[in-house]
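Engineer: The sequence shown begins at 27 in the numbering used here and counts up by one.
If a hint is listed, it holds; no wrong ones were tucked in.
Okay, the calculated beta carbon distance ranges per label pair:
1. 113 x 52: 30 to 36 Å
2. 52 x 139: 33 to 39 Å
3. 126 x 82: 17 to 23 Å
4. 112 x 27: 33 to 39 Å
The calculated SDA-like cross-link candidates involving lysine to any residue, where the alpha carbons are at most 25 Å apart (straight line), are:
5. 90 x 123
6. 90 x 36
7. 112 x 137
Bear in mind the hints are in silico, worked out from the structure with no lab data behind them. Cβ coordinates follow ideal geometry from the N, Cα and C atoms, glycine included.
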Amino acid sequence: QVQLVESGGGLVQAGGSLRLSCANSGIIFRINNMGWYRQAPGNQRELVARISRVATTNYADSVKGRFTISRDNAKNTVYLQMNSLKPEDTGLYYCNTDPPTPVWGQGTQVTVSS
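Produce the entire structure from the sequences given, and follow the hints as far as they go.
Structural biologist: Set out below in structure tokens:
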């Protein structure tokens, strides 16, 4: 059974930083590409960062240079370091495989105040 548990969100002022974590179980983590997805109010969920099974990374243009995705295969965990946060980064953040499984966690809320 796939389980994805995100944590680390919070309320932060513009320019601040947060580090998100996602613990995985039920998937063979080390052979999967993993992604962080964001759903802003009124918008569809979008992929903002991706890391391959060999740790190649890709980012949406909106977060490039500010966000860093990483993974720890020994801990079945993927991270998202978010720096220089902007109000438009506000949303629910989820992790999943890329492409995503049908199972989603509860997400972690990130709110950036101006």
